[in-house]
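Chemist: Letter by letter, the chains look like this.
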Amino acid sequence: MGSLGQVIRRWLDERFGLESLLQFAKKKTVPVHRHSVWYYLGGMTLFLFVIQVLTGILLLLYYRPSPNEAFESVQYIMTHVKFGWLIRSVHSWAGNLMILTAFLHMFSVYFMRAYRKPRELTWISGMLLLFLALGFGFSGYLLPWNTLAYFATKVGTEMAAQVPLIGKWLLVFLRGGEEVTGATLTRFFGFHVAVLPGLTTILLALHLVLVQKFGMSVPESVERQWTATGGQRREMPFFPNFALRDLMGWYIALGVLGALAALMPWELGVKADPFASAPAGIRPEWYFLFAFETLKFIPAKIWFIDGEVLGVLAFGIAGLLWLLIPFLDRKPGERWRVFFLGLGVFVVVFIAVTTLPTLIASLVK
Amino acid sequence: MNMQVRCWFTVLLAILGCSAFALAADQCLLCHQMLEGKLKTPTDTWAEDIHGQKGLTCAACHGGDANTDDMMKAMSRAAGFVGKPARSRIPRLCARCHSDGAFMREYNPSLRTDQLAQYRTSVHGKRLAAGDTKAAVCSDCHSVHEIRPASNPLSTVHPLKVAETCARCHVNGEYMKAYKIPTDQFAGYQASAHYAAMANRGDLSAPTCSTCHGNHGAAPPGVASVENVCSTCHVFQAQLFDESPHKKAFAAMNLAACIACHSNHRIVPPTDAMLGTGPGSICLNCHAEGDAGYAKAAQMSQSIAELEKALANSDAILDRAERSGMEVSQPKLEQGEARENLIKARVNIHSFDPAKVAEVVAAGKKLAAKTYRAGREALRERDFRRKGLAISLITILVVLFGLRMKLRSIEARQAAQADEANKDSL
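Protein chains in written order, with the numbering used here: chain A, 183 to 547; chain B, 2 to 427.
Rather than coming from a laboratory, the hints here were simulated on the basis of the structure. Please note: incorrect hints may appear among the correct ones.
Cβ-to-Cβ under 7 Å is the rule here; a few derived chain B residues that face chain A [claimed, not checked]:
1) 326
2) 390
3) 397
One-sided excerpt, in silico: chain B residues whose CB lies under 10 Å from chain A [what the hints assert, rightly or not]:
4) 91
5) 94
6) 121
7) 122
8) 124
9) 182
10) 186
11) 321
12) 325
13) 377
14) 380
15) 382
16) 387
17) 400
18) 412
Don't be surprised by glycine CBs; every beta carbon is placed ideally from N, CA and C.
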């Protein structure tokens, strides 16, 4: 008779084919080259998502989603619940870091052209996960029901109202009425803790299965180099080599989160007053700044079309094209490679130029 | 009727219609608009005047017949034409309508109709009655042909303009010379807290000349009435003063309450330095070391200073905690309550009773002590978090080091195994 561990292992193997899974894990490898560092961003994003889920569940124990109680319940969490300040601050910081790492992950995949055949669906599922992460950020921002969140949500939902044809319907759907009210808060709470997590779970499972199925993509330049030097691929086992490195990255992220929560706790602000005038400098979260700032520069009317409508339409089309990149970048050749590289650089520079000045100004203030 | 006759008939009707309309309008205006100089000036602003807007004609004040374009008939004495009314007649002229309740009800039922009665009690009215035609009459303050309701910001009697309107005469040394009254009231008012509230904050309920002196019944409040005037706004201060020993003492010394300490027009924002025995104290104007009032002033000043210090300490520690990212909005709210006690204590000074001041100060200090404790607790919590962070970071570093070492040993073993395999294959 073997040890208890062996008994459990045999029991699982008989029912779920554990041994074949373990064999797959043992054989799984990760390419090693000068761009390998970017492979860690996906795992880092996943780790931060898990942190979000855990801290979110803990916050749910005390949070109350109504205009009369939301602010007070978050205040209670911050001041009276044991380590409530830590949970709330980690939740807020991890949310932002998760969106940051998701963006970095997306751009690293883009610049390595890892979206090409056969990984088109991996890219699409990843992009949809990023959109969901933005949805998490937008819906979660309102939940403390403070002044900044209230007016930023008002501005954000007004942007949604500019979507041609369905804008008005979308506004009422998001707000649960014409104005940002308690109905909006409960609706956003529902999106944040039920609808978005449900969709994310499905897409995340699909994304991870696809990553396992196709493995890590190797950049063309590295492939060419390997071919030129005799076809020897440099790889490391996923378990334990890559997994341990992933774990080290997660520990570092944990340290950063702890430091941010302890030294710069996420502030609560002032309770929202729908009858007060909007404070100066209302702006959305940093990850929406590029759209917010761009819309400000668009003239009120372009020919006979409303400037904001045109702006929102342009962002919608750009987002759709970005989502469909794997199907657009299909032709071989240096010319297309340079074109898509230039497009990526343009997008990064555009986001940086429209985001950083406002972000830095608000941080300095 | 043929077509041509019909056309001529239509034109004739149109001409007759226009003539009838022209004659229905104020004929005085139509003619004076074509004149020059001071005979035309009234027509320039008449459209802005409330009387013009309500459809009154020139004849309402000047007499005559505004319906005829015949100058001789329009301005005939037989039609009651008076021309430019004499200054001495102006109040009664305006009062013909403004004291007629039934008439005024047709235009503005909420407008008072006792202006003339009030005016007769005023210094202006009394002087005019005595034959002094330099005394202000209705048109001096309300303008002549550009009279607007007091609620109109362009009106000369809008709250923001009242002081300037009064000052037109009252800062004029030459004009006021015969009356032997000072001409620095406007300068004093401009330096006052009341003016700051009115002009800087745009608070139209802040006092201006007419608030204290009355408008139509304008007169300086007598020494005995000053407190009544100030107490229309400063209710609690007046109640406390009434019960204080200063009430009798001031009356005996013929000192006007409130003014004795706060001045009249130049009512600058009061400071704590005005109380006590230090430099700037106004208590020392009457009290000297050794008397009871001196000791009480010192006691009250000391109480107020103690509460101020306690509040400042709490503010400082709460600000420090807030800057460190700690959530202290609740104690900051309570700090507001503590600060209210400071305001109450400053009001209680008007009782000149150190016990009443000390009672409120004690309540304020108790709240300030509570908020101070909350601030100290927040800083202690901040330090706890930082220590916790340091321990966590050290733990994480140790784990990272351990993982790195483990990884290195694994990879060394793997490299050795690979070498072995290579050798075997060779």
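Chemist: With reference to the structure, classify each hint as holding or not holding.
Modeler: Right, here's what the structure says about each hint:
For residue 326 of chain B, the interface hint holds, since its Cβ comes within 7 Å of a Cβ in chain A; the closest pair sits about 4 Å apart. Using the Cβ-Cβ criterion of 7 Å, the hint placing residue 390 of chain B at the interface with chain A is satisfied: the shortest such distance is roughly 4 Å. For residue 397 of chain B, the interface hint holds, the least distance from its beta-carbon to any beta-carbon of chain A being 4 Å, beneath 7 Å. For residue 91 of chain B, the interface hint is violated, the least distance from its beta-carbon to any beta-carbon of chain A being 47 Å, above 10 Å.
Residue-level restraint check for residue 94 of chain B is violated (minimum Cβ-Cβ distance to chain A is 48 Å; threshold 10 Å). The criterion of a C-beta within 10 Å of any C-beta in chain A is not met by residue 121 of chain B, whose closest approach is roughly 48 Å, and the hint is violated. Taken as an interface hint, residue 122 of chain B does not check out: its beta carbon lies about 46 Å from the nearest beta carbon of chain A, beyond 10 Å. Contact between residue 124 of chain B and chain A, as hinted, is not supported at the beta carbon level, the nearest pair being about 46 Å apart and thus beyond 10 Å.
Contact between residue 182 of chain B and chain A, as hinted, is not supported at the beta carbon level, the nearest pair being about 46 Å apart and thus beyond 10 Å. Violation of the interface hint for residue 186 of chain B is found here, the shortest Cβ-Cβ separation to chain A being roughly 38 Å, above the 10 Å cut-off. Hint on residue 321 of chain B is violated. Least Cβ distance to chain A is approximately 14 Å, over the 10 Å limit. For residue 325 of chain B, the suggested interface contact is upheld, since its CB lies about 8 Å from the closest CB of chain A, less than 10 Å.
Look at residue 377 of chain B: its Cβ only gets to about 15 Å from chain A, farther than 10 Å, so that hint breaks. Nearest Cβ of chain A to the Cβ of residue 380 of chain B: about 14 Å, over the 10 Å cut. The hint is violated. Proximity of residue 382 of chain B to chain A holds as hinted, the smallest CB-CB distance being about 8 Å (cut-off 10 Å). The beta carbon of residue 387 of chain B comes within 6 Å of a beta carbon in chain A, closer than 10 Å, and the hint placing it at the interface holds.
Restraint check, residue 400 of chain B versus chain A: the minimum CB separation of about 6 Å is within 10 Å; hint holds. The closest approach between the C-beta of residue 412 of chain B and any C-beta of chain A is roughly 7 Å, which is under the 10 Å cut-off, so the hint is satisfied.
Comparing the model with each numbered hint stated earlier shows that hints 4, 5, 6, 7, 8, 9, 10, 11, 13, 14 do not hold.
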